[in-house]
Amino acid sequence: MIFSGRFALTAAVVLSGVACSSVSSASSLPASPSKVQVRFVEGAPLLQTLVNGVPTSIGSAYLAVGSRTVASQFPFGSVTPFAPFAAGALSLEARDSLGYSVGPLKTPALASGKRYTIVVTGAYPHYSALAFTEPDPSTGATLAIYAASPSVPSVDFGSFATRGQARYHRFGSVKYGALATAALGKQVMQFGAYVGNGTHPLSNGTITIAAVNPFDARGALPFHAASRFSLFFVDASGGGAGPLFGSLDP
6 MIFSGRFALT AAVVLSGVAC SSVSSASSLP ASPSKVQVRF VEGAPLLQTL
56 VNGVPTSIGS AYLAVGSRTV ASQFPFGSVT PFAPFAAGAL SLEARDSLGY
106 SVGPLKTPAL ASGKRYTIVV TGAYPHYSAL AFTEPDPSTG ATLAIYAASP
156 SVPSVDFGSF ATRGQARYHR FGSVKYGALA TAALGKQVMQ FGAYVGNGTH
206 PLSNGTITIA AVNPFDARGA LPFHAASRFS LFFVDASGGG AGPLFGSLDP
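Using the working numbering, the first residue of the sequence shown is number 6, and each one after it goes up by one.
Please note: incorrect hints may appear among the correct ones.
[Said to hold, decoys possible] With a cut-off of at most 25 Å between alpha-carbon atoms, the simulated BS3-like pairs for lysine-lysine come out as follows:
| # | residue 1 | residue 2 |
| --- | --- | --- |
| 1 | K111 | K191 |
| 2 | K180 | K111 |
| 3 | K111 | K40 |
| 4 | K119 | K40 |
Treat the hints as calculated values from the structure; they're not laboratory data. These numbers were taken from a predicted model, which means no experiment stands behind them.
Make the full structure from the sequences, and use the hints.
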């Protein structure tokens, strides 16, 4: 089963706010705080910090953005729901119960009215928070690839059918730090996706819709309110987890 698609890269758009003043008086009205919608992905296989001079894992820890706890546990491969934050740069820290932490990790300035996915990536002592601007909504089924593996400058991606002999269909390639999308048509069934070289998947570089959401046993997209199969391509862990994690998104 072969799927056709088009390939597009998204880029962040920076917006500016305009202050409003009262005509009837010289005082300025307080402006409503500008908001963004953000979700966070733990894409670093091992979060480590110095403990008694030795790089030591802080485990799944919890995620704090500024003074706000976003996730009580933030293990490798986790994806938080979207939540509102003030526009501008965010500061992230992964902390354990003893007070050890990784971070703060600073994001670029996030533009008001936009939606973002922030992926924590890297390895000790070089961690970063990659910011991906969410693509505009589209009709039909869509595949999205968030390239967040520092060890892979560029990777090919595509699809395969989950029934019958797997035939890999390449859509294109995506560079580290970029987001690529491919339109899949009105609907797909028994759908799987891969990352690799050409039409050759990387080790553990394939994933199916049904594996991400077992309730979608037929591997269909759209599925209920979800029309986008989002894949996060990160560095694989030593235990074999990764390099692909997925979610079904509106």
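A quick look at each hint next to the structure:
Note on K111 and K191: the hinted pairing is violated, with a Cα-Cα distance of about 38 Å set against a maximum of 25 Å. Only pairs whose Cα atoms come within 25 Å are accepted, and K180 paired with K111 is accepted, the gap being roughly 21 Å. For the suggested pair K111 and K40, the alpha carbons sit about 17 Å apart, so the restraint of at most 25 Å is met. Distance restraint check for K119 and K40: the Cα-Cα separation of roughly 8 Å lies within the 25 Å cut-off, and the hinted pair is therefore satisfied.
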